[in-house]
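Chemist: Chains S, D and G, in that order, are what the protein sequence lines are. Sequential numbering from 1 applies to the first sequence in my numbering. Sequential numbering from 1001 applies to the second sequence in my numbering. Sequential numbering from 2001 applies to the third sequence in my numbering.
Just to be clear, a hint being listed does not mean it is correct.
Unchecked claim - Using 30 angstroms as the maximum straight-line C-alpha spacing, the simulated DSS-like pairs for lysine-lysine come out as follows:
1) G:2255 with S:61
2) G:2237 with S:61
3) G:2237 with D:1193
4) G:2363 with G:2295
5) S:236 with G:2311
6) G:2521 with G:2029
7) G:2197 with S:61
8) G:2177 with D:1076
9) G:2285 with S:61
10) G:2345 with G:2285
11) D:1193 with G:2029
12) G:2285 with G:2298
13) G:2355 with S:61
14) G:2237 with S:236
15) D:1193 with G:2030
16) G:2298 with G:2311
17) G:2070 with G:2216
18) G:2413 with S:236
19) G:2298 with G:2237
20) G:2070 with S:236
21) D:1193 with G:2521
22) G:2413 with S:61
23) G:2521 with G:2495
24) D:1193 with G:2534
25) G:2029 with S:61
26) G:2345 with G:2534
27) G:2197 with D:1193
28) S:236 with G:2309
None of these hints come from the bench; they were simulated from the model.
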Amino acid sequence: MSNVTWVRRRRAIGRFWADFRTHRAGVAGLVILAVAVVLALLAPLFIDSSVTNVVSGTGAKMAPPSLDDPLGTDESGRSVLLMIWWGSRTSLLIGFLAALLSMVIGTVLGIAAGHFRGWIGAVILRVTDWFLVLPSLVTALVLAAILGGSTATIIVAIGVTSWPSTARLIRAQTLAVEARPYIERSLALGAGHWHITTRHVLPNVAPLLLASTTLEVASAIVTESTLAFLGVSANKTSWGTMLRGSYDWGAATAGAWWYILVPGLCIVTVVMAFTLCGRALETVLNPRLRTRAHA
Amino acid sequence: MTTAVEELEQTPVRHGLLRYAATKAGGALLSIAMVIVATFFLFRLLPGDPVRALAQGRNMTPEQLDLERARLGLDKSIPEQFLHFVGQTLRFDLGVSYEYKRPVLDLIGERIGSTLLLTGTALVVAVSLGLWQGARAGWKPGSKFDKVSTAISLVLWSVPTFWLGLLLLMVFAAGIGPIPGIFPTRGSSSVDKPDGFAGVLDVAQHMVLPCLTLVAVVYAQYLLVMRSSVIDEVGQDYITTARAKGLRDDDIRRKHAVPNALLPTVTLVFMRIGFVVGGAVTVEAIFSWPGLGQLFYEAIRVPDFTLMQGTFLLITVSVILMNTLADVVYHLLDPRVRSA
Amino acid sequence: MRKLLAVLAALCVLAAVPGTAMAADPAPKKVIKIGVTQAVDSMNPFLAVRLVTGSIQRMIYGFLTVPDSKTLQPSPDLAESWTTSPDGLTWTFKIRQAKWSDGQPITADDAAWTFNKMMTDDAAKTGNGPAVENFASVTANGQELTIKLKAPQASMLDNPVPIMPKHVWEKVKDIGKYDAEVYPTVGSGPYVAVEHKKDQFVRLEANPDYWRGRPKIDELQIIFYDNPAASIVGLKKGDIDLIGRLNPSDFESLKGDDNIVQWNTQGRRATYLQVNHGATTSDNKPIGDGHPALKDPKVRTALHYAIDKQKLVDEVQGGLAKPADGSIIPPLYKDFFWEASGAEKITFDLAKANKILDDAGYKKGADGVRTMPDGSRKLQFRFSIHTDAPVEDKLAEYLTGWFKEVGITLTTKRLDSSKFTEETGTTALFDIAISGWSVNPDPEEVLGTHLCSRRPTASGDGGGTESFYCDPTYESLYLEQQKELDRGKRAETIKKMEERLYTDAPVIALYYPNDLEGYRKDRIAGITPIPEDKGLLYGGSGYWPFYTLEAVSKDGASADGGGSSTGVIAGIAAGVVVLALAGFFVLRRRSGAADERE
C-alpha cells in the first residue's frame, strides 16, 4: 500500500473519530462495551469456572445482597456477582461469534448478489429474501433442537438465521460502489471479479459492515438468552442460563429479586450499549441510513 | 364519484396490478416450495434413528418400530421419501403428533384462533402506537418528545421478551407491595367465563399482560422505522415547497410526510411479522396462553418432531403469505409504485 | 386503518359499559380448582400416556380394583370380588351392579370389550398396552368376567386399565385417531368431565349416581399452567386451590402463607444411579462402550461407599427427601420396602472405598487417578444426565467431588431426553447415568425393568431395561414372586430382589424424594391422602383424595365473587386504555378530515 493511501486512510479514521465523538450516546455505549469486554477478558486472572460450581458455593441459599455477596446468591449459594462476571464470557462470546458468522455469510452473499448481475445475483437475492422472511427465533429454536444444545450449535443457529439483513445492506452498498466510474476504469484495465470485490467493494462496504455487525451482536445476545430460557442452551453459565435458573428455582416466588433482576439488567445494559454504538456508527458512516432500525 | 376519464385511466393500472400480483404469487409459491424442501432436509439432520427419536424411548417391539418406519415411509430411499413428504404436505397432511396422537393440522386448528387474537391485537396496538409516536418524533428530530421516545424504544428493544413478561407477571399478576395483582396468572379466559360482555371483559383482562409484553417489544421497532422514514421525507424537496407555499405545518405532516413515510414502514412491519411470531412463542409460554406458540414450545420441550415440523411449516408458510399480501397491498396503495 | 380504529373504538365503548350482569348463582357451587403444569395429551384413555391424564381418568372411570385408601392393597372397585383358579391362570371377577353416568347398567361385557379392544387393536395399546400382554382371553357372562392368562401374574389386581362403556365406545371406528372430545363423558367414576378447553382446563362435575355416593363438592377444575412460577403465584392468589408435584424451591416459597398448607410426605419415587456393568443385548452379546472397571462388583461397591446420600438430600433436594438405604422401592410402600441393615449396610466412608479399590489392585497414579489392575485404562467415567435439569447438574458436581477423593475421575455428559434414553437404554454408550422410577402400589412394573428380557435386541431395538441387568438369581426370584398369590410371601421374595440389587449394585439408590404439594385451607376443608397415613394428594394412586375433597362452605360474598369483580375492574381499565388510545386516533383523524373540509 502506497504511502499516500496510508495517509488518506489515517485521515479518514481521524475524521471518523472526530465525528463519532459528537455522538454522546454512542460514546457512552462504547465505554460500557469496552468495560464489559475488558472485564470478560480479565476474568480468568481473578476467578475461574469454579464460581459456577454448585458445590463450591459458600454463601447461604438465595441470600439477599450483603457485604460478602454484593449481589446476593443463587439457589446453591453461589455468588450472583461472580457468576455474572464469568457468565459474561459466554454471553459475549456467543454474541460476537454469532454476529461474526452472520457478517461473513451476509458479506459474501451480499457482495456476490450485488456484483454478479444476472441469474446468480437473482438467485442469491431470492434466497436472501426468503431467509429474511423466515421467523428467525422459531427457525433458530428448531435448528438448536435438532442439532442439540452446545455453544457451537447456538452460534450456528443464531448466525444462520440473522445474516439476511446484512446481506441486503451490503448488496445495496455494492451496487452503489460499482456504479462509480473508477470501477468501470478498473474493469477496462482488465480487473477480475476477485480484484474488484476485494480491492474496491470490500473496503468501501467495510465501515457499514462494522455498524451492522455491532447491532447484530446486540440481537444475538438477546436471542441467546431467549433460547436459553426456552430450554435450548449451551450448557454453560451465561446470562441467559442464569435467568433460566432463576425461573427453574422459583426465584420470583421466593422473593429473590436480585437473582432475576441482575442478569436481566446486564443483558439490557450491554445490548443497549451495542445498539447505541451501532447506531452512532451508522449515523457517522452513512447519514442517509441515520435512523435505520436495526435487526 | 368516478368519472369515465378516471375509469379509463385505471384500467391499465389494474392490469399492471394483476401482473404484479401474479409475479408476487409466483414468488411466494417458490418460497413455499423452498420451505418444504428445507424442512424435509432439516428434519433429516436429526441424529440417530428418527423413529426412535420420534418414539422417545417408549417401549416398542421391533415389529412396532418397523410398522412405524413403514408408516412414515422411512423404509424407502431418500428421493422416494421426499416425494412422499411433498405429496403429503400438498394435501395438507402434516402428520400425526406423537405426543397427542392426533393430526398436527387439527392441533394447530384448535389453537390458531387464540394466537391470532393475541398477535393481532398486539400488532394493531403496536403499529398504531409505534407509527404515531414515530411520526411525531421524526417530524422534529432532537425535540424532547423525540429524545424520550427514542430512549424508551431503545430500552424496550434491548429487553429480552421473556424477562419483561416474567417481570410483568410478578408485578401485575402476583402483586408487589402496594400494587395489587389484578391480572390473572394464566390462560386466555377464566374456567367459568361468563357469557356476553362480561365474557369479552374476561378475555380482555386475560389478554392485558401478554399483549403488553408483545407490544412493548415490537412497538420499539416500528417507532424507530417510522421515525427514520419521516426524517427522510422531511428532507425532501416537496416538503420545502409546501412550506414555502405557506401550508400549515401540521397539515404538511399529516397529509404529505406521514402518508409517504407510512408505506415503506408498513411494508417493513409485514416483512418483520416473523418477529412477532417469535415473540408469541415466549409470551404464550409465560402466560400459559393456549395458542400456537405454546404448542410449538411444547413440541420443542418434549420433543415431538412431527409436531415441531408441522408447526414450523405452518408458521413459515403463513408468514410468507402475509408478506406477499402486504407487498401486493403496498403496490395497490403506493401512488409512486403504481405510476412507475 | 380508519375503519379498523372505528370498529375498535366501538368495541371498547361496548366493553366499557359496566358488565353488571355478572352471573350471581342463587346457591353457590362448591368448586375446587387444581393446578397442574402438564397439559392433557388426549381424552381417549386408550391413547393417553401423560400423568395428568391418568389422574383425570381415575376420576372419570372405574377400574377392576383400586388400592385401598389405608393399606394400598388391592380392594374392590368395579369388581366386587374375585377368585383365582389353583394354577393361577384363570381369574374370575364379579362386576358390581352399578350404572354408567348415562344410566346404562355396567356389565362384565364392558370390561371384556375394553380388554379385547386392547388385545386386538394395536392402536388401542398406546396407553396401557403392557397391561394386557399376558392375557390369553377375556370373556363375559352377565356380571361375571373371566380372564385367562398365558402365565401366572400376581399383579393382576393392580390393573391400570380404565373400564370403558362398550355402548358408547364400540361405535368408534378408528380408535387410534379418536380424540374422545364428547361431553359429558360417560363414565363410572366419582366425576364426569363436562368441558375441556385445550391447553387451558378440564371441568369435572360430581357424578350424582356414583356407586360409592356423590362427592361432597359440585365441581372440580383441572387448570393448566405452562409456567410453573405462575402456578405458585396462582395458588398464593387463590386462582387455584391445590397444586401437587412441587419442586423443593417452589415448596419452600409457600412458607409463611397462613392460608396455605404445605404438604410434605413420603413420595412414590426413587432416584438412583444406573451403572454400566457390562451391558449386553438380549442374546448376550456385549453392547456399548461402558468402562471395563465397572464390570467389577468391587468397583461398584466402592462407588456406593463414596456417595454421601444425606449430603445429597440436604444440598440437592433441600432436605426434602429420604436418603436411600434400600433399593428401587420407596418406603411409602411399607409392605414391599426393603432396607439394608447390619454389615450389609453401606454408609458414606471414603477410606473404605479407597481400601476396597486398593485391595482390588486399582493403583493410584501420580496424578491421583487410579488405573485398571492390568494398567490398561485409567478409572475415568462419564456421568450421563439430562440437559436443562439443574438437580442432576448439582448431583453430578457432588459425585465428581467425592469420586475424585477415591481416585476416580467423573466427567459430566449432558444429553437431551431422546438421546439420553437411547444411550442409556438401548445403545449403552454410558458409564454411569442418572435414573429413577415412580413406583405403583404393585411394584411389578419397576421390578421388571431389570430383567434379562428387557435388554435391547441384537438389531438394537430397546426393550425397556433400566440397567441392562441380567442376573439368574434376580430372574428366578422374579418368576417366583410373579406366581405367588399370597401377598406376605410375595413381599418376602420382592425384598430379596431388592437386596440383590443393593449388593450387586447394577443400580445404586440415592434417595427417595418427598411428595411436595400445597393447598389453600380457606378453600379446602378436608382432603384425605392416599394412603391415609401421610400419603399423597395429587399424583397418588387412585381417586381417593379427590373423592373425599370437602370445600370450605362460604356465603354469597365469596372470595370468588371478589376475584371476578376485580376482574371486571381490570377489564374495564384495560378497555378504557384501549378506548382512549383508539379515540385519540379517531379524533386526530377526524380533526384532520375537518381541516380538509375547511
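Chemist: A separate judgement is required for each hint: does it hold in the structure or not?
Modeler: These are the hints, each one checked on the structure:
| no. | hint | in the structure |
| --- | --- | --- |
| 1 | G:2255 with S:61 | holds (15 angstroms) |
| 2 | G:2237 with S:61 | holds (25 angstroms) |
| 3 | G:2237 with D:1193 | holds (18 angstroms) |
| 4 | G:2363 with G:2295 | holds (17 angstroms) |
| 5 | S:236 with G:2311 | holds (25 angstroms) |
| 6 | G:2521 with G:2029 | holds (18 angstroms) |
| 7 | G:2197 with S:61 | violated (39 angstroms) |
| 8 | G:2177 with D:1076 | holds (25 angstroms) |
| 9 | G:2285 with S:61 | violated (48 angstroms) |
| 10 | G:2345 with G:2285 | violated (33 angstroms) |
| 11 | D:1193 with G:2029 | holds (15 angstroms) |
| 12 | G:2285 with G:2298 | holds (23 angstroms) |
| 13 | G:2355 with S:61 | violated (35 angstroms) |
| 14 | G:2237 with S:236 | violated (35 angstroms) |
| 15 | D:1193 with G:2030 | holds (16 angstroms) |
| 16 | G:2298 with G:2311 | holds (23 angstroms) |
| 17 | G:2070 with G:2216 | holds (20 angstroms) |
| 18 | G:2413 with S:236 | holds (13 angstroms) |
| 19 | G:2298 with G:2237 | violated (54 angstroms) |
| 20 | G:2070 with S:236 | violated (47 angstroms) |
| 21 | D:1193 with G:2521 | holds (25 angstroms) |
| 22 | G:2413 with S:61 | holds (26 angstroms) |
| 23 | G:2521 with G:2495 | violated (39 angstroms) |
| 24 | D:1193 with G:2534 | violated (37 angstroms) |
| 25 | G:2029 with S:61 | violated (43 angstroms) |
| 26 | G:2345 with G:2534 | holds (26 angstroms) |
| 27 | G:2197 with D:1193 | holds (12 angstroms) |
| 28 | S:236 with G:2309 | holds (26 angstroms) |
Hint violations for this structure: numbers 7, 9, 10, 13, 14, 19, 20, 23, 24, 25, all remaining hints satisfied.
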